[in-house]
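Undergrad: One line per chain: the protein sequences are A and B, in this order. The numbering of the first sequence is my numbering, which starts it at 179 and goes up by one. The numbering of the second sequence is my numbering, which starts it at 791 and goes up by one.
Hints listed in this document are in silico derivations from the structure and should not be mistaken for laboratory results. Hints should not be assumed to be uniformly reliable.
Listed below are the simulated EDC-like cross-link pairs for lysine to aspartate or glutamate, each with C-alpha atoms no more than 16 Å apart in a straight line [stated by the list, open to error]:
id	chain 1	residue 1	chain 2	residue 2
1	A	K282	B	D820
2	A	K235	A	E210
3	B	K841	B	E858
4	B	K834	B	E847
5	A	K235	A	E198
6	A	K285	A	D259
7	B	K841	B	D820
8	B	K868	B	D820
9	B	K868	B	E858
10	A	K285	B	E832
11	B	K831	A	E186
12	A	K187	B	E832
Computed footprint of chain A on chain B; a stretch qualifies when at least three of its residues, placed anywhere within it, have a C-beta under 8 Å from a C-beta of chain A [stated by the list, open to error]:
id	stretch
13	807-819
14	826-834
15	879-892
16	895-902
Which residues of chain B face chain A? A few of them, derived with a C-beta cut under 10 Å, are [claimed, not checked]:
id	residue
17	G793
18	V802
19	Y823
This one's a predicted model, so the numbers in the text were calculated from it and none came from an experiment. The beta carbon of each residue, even a glycine, is placed where N, CA and C say it ideally should be.
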Amino acid sequence: AQRVTQPEKLLSVFKGAPVELKCNYSYSGSPELFWYVQYSRQRLQLLLRHISRESIKGFTADLNKGETSFHLKKPFAQEEDSAMYYCALSAYSGAGSYQLTFGKGTKLSVIP
Amino acid sequence: EAGVTQFPSHSVIEKGQTVTLRCDPISGHDNLYWYRRVMGKEIKFLLHFVKESKQDESGMPNNRFLAERTGGTYSTLKVQPAELEDSGVYFCASSHVGTGELFFGEGSRLTVL
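All chains, full assembly: derive it from the sequences and hints.
TA: The structure is reproduced here in C-alpha cells:
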C-alpha cells in the first residue's frame with residue numbers, strides 16, 4: 179500500500195526566506211506525485227505535478243526516487259504563500275482510474 | 791467551465807440524524823471521488839465512481855455511509871445514522887479517465903453534535 183509522509187505540521191518562515199516543505203513516500207510501483215494547496219477559504223487545488231516539471235508561483239519539486247522524496251521548494255517566500263500544502267501520490271487502481279493518497283499536510287505561515 | 795460543486799457547504803446535525811451530501815462533478819468527468827478530512831488527520835479516500843459504477847469503496851468507514859451516482863452525473867453521500875466521529879470535511883473530486891489530476895470541490899463541513 180502507498181503512504182505519504184509530511185513530517186512538519188507547521189512551518190513558519192520570514193518573508194523573503196527560502197522555503198522547503200518535506201514529503202516522503204512509499205510505493206512499490208512507479209509513482210506520480212503532486213502538491214496540492216489550500217488557501218484560506220478556497221478549495222483544494224493542484225499546485226504542481228512531478229511529471230510536468232514546471233514551476234508554479236515560484237515553487238518547484240523534484241522527485242528523488244533514491245530518497246523517495248518529493249520536497250517542495252521556493253527560494254523566496256511571499257506572504258501570499260501562506261496556506262495548507264498537501265503532498266499526494268497517485269496510484270493506478272484499474273479501469274483507467276487513479277487513487278490519490280494524501281499526506282497529513284503542512285501549514286505554511288509566512289511572517290511579514 | 792464550472793468547477794466541482796458541493797452542497798451543503800456546512801451541515802450541523804445531532805447524533806442519530808441523517809445527512810445527505812451532494813456533489814456535482816465537472817461536466818464530462820467520468821471519475822468521481824469522495825474524500826474526508828477528520829479534524830487533525832489526513833485527507834482520506836472514501837470511494838470512487840467511474841460513471842455510475844463503484845470502482846473502489848474500500849475507504850468507506852462502515853455501513854452507515856451510502857454513496858450513489860445514479861445516471862453517472864451527480865453523486866450523493868448519505869450518512870445514516872450520524873455519529874460524533876463522522877464530523878469533518880467531506881471533499882468531492884472529479885477527473886477524466888486516464889489522468890491522475892483531480893479537481894476538488896470546496897468541501898462540505900459536517901458537524902455532528
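Undergrad: Return the numbers of the hints above that this structure violates; sort them in rising order.
TA: Checked against the structure, the hints that fail are numbers 1, 2, 8, 13 and 18, while the rest are satisfied.
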